[in-house]
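Participant: The chain contents come next:
There are 2 protein chains.
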Amino acid sequence: MNPDISRERENASFNLEILTNILDGGAEKTRRRREIESLVISDPDFQHEDLNFLSRSERYDAAVRKSAQMILKLREYGISDPEEIYSYKSIAKGVYQEPFGVHYVMFIPTLNSQCTAEQRKKWIPLAESFHMLGTYAQTELGHGTHIRGLETTATYDPSTQEFVLNSPTISSIKWWPGGLGKTSNHAIVLAQLYTQGKCHGLHAFITPIRCMKTHMPLPGVVVGDIGPKFGFDEVDNGYLKLENVRIPRENMLMKYAKVEPDGTYVKPPSDKLTYGTMVFIRSMIVGESARALSKSCTIAIRYSAVRHQSELRPGEPEPQILDYQAQQYKLFPLLATAYAFHFVGQYMSKTYHRISGDINQGDFSELPELHALSAGLKAFTTWVANAGIEVCRMSCGGHGYSRCSSLPDIYVTFTPTCTYEGENTVMMLQTARYLVKSYKQARAGQQLTGIVSYLNEPQSRIQPHSVSSRPTVVNINDLASLVEAYKFRAAKLVEMAAKNLQAELQHSKSNEDAWNNNSIDLVRASDAHCHYVVVKLFAAKLSEIGDTAVHSVLSTLALLYALHGVALSSGDFLQAGLLTVPQLAQISQRLKGLLSELRPNAVALVDAFDYRDEMLNSTLGRYDGNVYEHMFEWAKRSPLNHTEVHESHHKYLKPLRSKL
Amino acid sequence: MNPDISRERENASFNLEILTNILDGGAEKTRRRREIESLVISDPDFQHEDLNFLSRSERYDAAVRKSAQMILKLREYGISDPEEIYSYKSIAKGVYQEPFGVHYVMFIPTLNSQCTAEQRKKWIPLAESFHMLGTYAQTELGHGTHIRGLETTATYDPSTQEFVLNSPTISSIKWWPGGLGKTSNHAIVLAQLYTQGKCHGLHAFITPIRCMKTHMPLPGVVVGDIGPKFGFDEVDNGYLKLENVRIPRENMLMKYAKVEPDGTYVKPPSDKLTYGTMVFIRSMIVGESARALSKSCTIAIRYSAVRHQSELRPGEPEPQILDYQAQQYKLFPLLATAYAFHFVGQYMSKTYHRISGDINQGDFSELPELHALSAGLKAFTTWVANAGIEVCRMSCGGHGYSRCSSLPDIYVTFTPTCTYEGENTVMMLQTARYLVKSYKQARAGQQLTGIVSYLNEPQSRIQPHSVSSRPTVVNINDLASLVEAYKFRAAKLVEMAAKNLQAELQHSKSNEDAWNNNSIDLVRASDAHCHYVVVKLFAAKLSEIGDTAVHSVLSTLALLYALHGVALSSGDFLQAGLLTVPQLAQISQRLKGLLSELRPNAVALVDAFDYRDEMLNSTLGRYDGNVYEHMFEWAKRSPLNHTEVHESHHKYLKPLRSKL
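As you go down the protein sequences, you meet chains A and B in turn.
For the first sequence, UniProt numbering gives the first residue as 1, with consecutive numbering after it.
For the second sequence, UniProt numbering gives the first residue as 1, with consecutive numbering after it.
None of these hints come from the bench; they were simulated from the model.
Hints should not be assumed to be uniformly reliable.
Cross-link-like lysine-lysine pairs, in silico, DSSO-like; alpha carbons within 30 angstroms at most [said to hold, decoys possible]: (1) A:198 / A:241; (2) A:93 / B:659; (3) A:73 / B:654; (4) A:592 / A:330; (5) B:499 / A:121; (6) B:122 / A:659; (7) A:499 / B:592; (8) A:122 / A:29; (9) B:93 / A:659; (10) B:330 / A:330; (11) B:440 / A:651; (12) A:509 / B:651; (13) B:121 / B:213; (14) B:651 / A:73; (15) B:654 / A:122; (16) A:73 / B:241; (17) A:267 / A:255; (18) B:122 / B:258; (19) B:330 / A:440; (20) B:241 / A:654; (21) A:636 / B:636; (22) B:121 / B:241; (23) B:654 / A:241; (24) A:93 / B:636.
I would like the entire structure built from these sequences, with the hints used as guidance.
Facilitator: Here's what the structure looks like:
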């Protein structure tokens, strides 16, 4: 054990295990999580080569192998609880991605929810026994966010009772589905349904794409891998071009809409049913933001505790870089953010499950709010975490750039969350739509409930320049007061956006133009709303914590989180009259104080996330702090070191020598 | 040609060629640049496979081949002017990095500047004829920024008149030098010189590391590749561990310091001589920031002009995504930044050459200012460009994540500039040191000259809350007024940092602690100073432009750049009393107006950067806008598509099938 990092641990002011239990949601959950982790980590079948040393084809091969092994192990251990499967997989996968993740996450669930009973009887056993391996083909080369714009067609031919599937243009080629390129033999294809000469919009079709015996593409199917990406190298995201591919009528998922044998189209009773899954996935992404950021902080803070550099005081040894205020200012607000997002993730998951219960009992009342919240928080947390990972990486200096730090990998794996499951700006605008609607309802005298109820309050109609007359100027040392300030700021920005929208309507051609011409304000309002929710939930979490020492350190983190946000957006708070100019300087000084207060607990606070070395896969973030030895060992395994003299020396360098 | 992008070009309000000439620094320079570009692009020897489809070893091989070819071509064409070599290479390299770039950039220049006449006679011909291929080994596993902390030792043995080189610890292993792993047979090793029992600090030693005949590592030399990184996959950054490696006394670079045969150490006359190169490289990086960002903007803006998505108005076709205000707000401020940085890069290069002339004539007076400016601007521009590339990538939605967009590649190649040649935070603090020193001099009555002369002005001692009494509140429509506002803001923040430093000294143990405890303020002051310089230089550039149409569009860009910066840091401007709260709302509205004004010229403004498709290497950024066709063609070449059925299907997937 590196003595620097041991000393850090001795200095911690709180009991690590208590905090870990809070993060896990209870001591029993911690115990079970560790049990599953040990199961994986001690399993010789999961000791795979570092992906960084493999070619893309080898990576794909290794990932398919690992995915297959996981299935066999889960069968062997009899793990069947969905949460435990999730937990087992996330440990077993490590930094690997699953080439046929879409098979579980989208293919089977879609079959379950959109098949008729008869269809289910036919397809589910095939899918669950892995005779069918499926993907979900929605996005096209030219169409992502706006799914109504998809171009793939499924035209019903009553003479043979088949659908004829086509990709009529280049831009209609299915693009991106995971596992489509090489792995799957079936795809659920989203296509515009044509029957009896009329288009009935998007429907889902089970489409065989590869022969179940030979795995060769079927006639009319052009399928392949879309090529290397920023990350996810081991996944075969694919393309799919359909040329008069005929499938039986029964391959349309017909639980809701139907096409009769003669081609008569039967409308679905309602189309609100995919809503829930979307909300669920976005809520889960909030937790992913917390995990990606907490892993990055673990690596950067541990490394900063063992890395020594430069001189603080002449003649003294080089200090740990964690002693530099500039380094603390990069990392501690991100550490606070990781905690904040973790608690927000817990809240979203809990809320989702509570509301799901209501929905199952026919009560949809809370769904719109959760939908708006999950959209905004998905965008808010992924953007912040995305930028934060890179700050962590760069805070490790040159070594952060090495793949052995794992930080490049965390980044390229995480960054797609800003785009998938709803592009972030689009998400922010969805939340803004809900906020503006709520604001208008409040103005019309309706009493709002839930998280937007702050739009009811008369204080939200803040007048500029009324600071001195208002008692609501923030107390910068009081978290509750800061929560209020975030609330008023959000209210102010929602109001401003709504008013600008109103004003724009006077000279805009349409509602839609007015909306577009105020997008900047709308995104800003959503952002402020989400920021308020995060600060509020962090503060609320504190009230649940009984242990004094843990409460104390988390309170410091929460205050840092809140004040740092105020400092970054000080213009907003000044503009809303929530802050005075002299307070800005006080906040600066207070922030410096909070960094010093957190310094002795920094390593313990990342230890509490409880990531085992096998899960971090980072030489810089090792628990024992023995960074340099392991970097050297890792480097020796680089494929370029397999031979002493690379062939290029003989081919190109020697011939370059000119006569002396 | 895609009709959307043609229409964009027809709508441009200015003459493209005039703007391109301004960017190149004159019509003749544009002509010659294009001539060299054509030379490379039409050369069949440079039609290489896309690096994205190669394994690391293949990438290295391809890059060595390309580097070797470039040398042969430059000989063949007789191109010898350093600027033309630079320009030829930067085109020929394309997205490839040069495995032996360090040979030219560091190895040969160091030999030239630090060899005695006799040494030069021996080594230079060997290096220039490529019998020697060299690298520069400074950074160690445990030591980067603080070079005095390097641990490698060179101990003089008078009995054999040799130096004995050692890596005494793991942390002393040389780490990172480009071309060290596999390519080089020599390294200039920076080591602590010991002679007659005393350490004389760092000196440079020419160290043979591989046999010039067999290319095998020499005895006592442990050398290899440090393994895969975030980018620069085709470069063999290396490690070097020295175990009692003996080199002749004459291998120490002895132009300045010397070791006599008996071991007597002779001190160098001065140590200011490496200063110049450092300043030069940092100045050049400012230009790199402009290039990386302008390439990214070219890709994102062209793609946004051909990509259609969602609905603006019901019933109308999907609009170009460039019509969304939120998209404009992401991209146009970055476009303005790319122009700003380009002009700052031109200024830095010109200033460096002017001051070099002075230095050669013994006048060092302007060097400290240039040193401080190059440090700060290097950090300021690389941070902004670094984040900006990612905004561009994500503004392309999912497709930005594909390697075919080239944006991941631009990012991973550019991001090390935030770390190398001076870690950015360290750079900001260096600039802060100069600013605080200048501020103190001004307070002591000294009259400052040059770019910090604003610290002389009494207005810089701004009182808070004096807005109404001061006439200097900014005119948000006037660039000159905004430049003044940036200046006062910088002055205010330098003053605040200096005062906090002073206050801290009352209760700090030392100057160094006080400095560390105010790093946040100091970095912020540097940042504001650099921001002022950029706005000022952009405004200054406008005054040189004669063409009315070009002047007009660049003025809009400059105003956007300046106002966007004010909006992002509005707290600072409010705090300094340079802005009133009602003006904030005006700025928001003005920004929206500027986005609309720029919209018709957006594509032309990126066209003016004049990157040929071969240099962008991006399917999304193609000049002809035919994005989807080329993405499909590119994907088909993915190595995973070389076979229809991947072997993993037979190995892992079929065995997974359970009985039905």
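Participant: Hint by hint, which ones does the structure fall short of?
Facilitator: 5, 8, 11, 12, 16, 21
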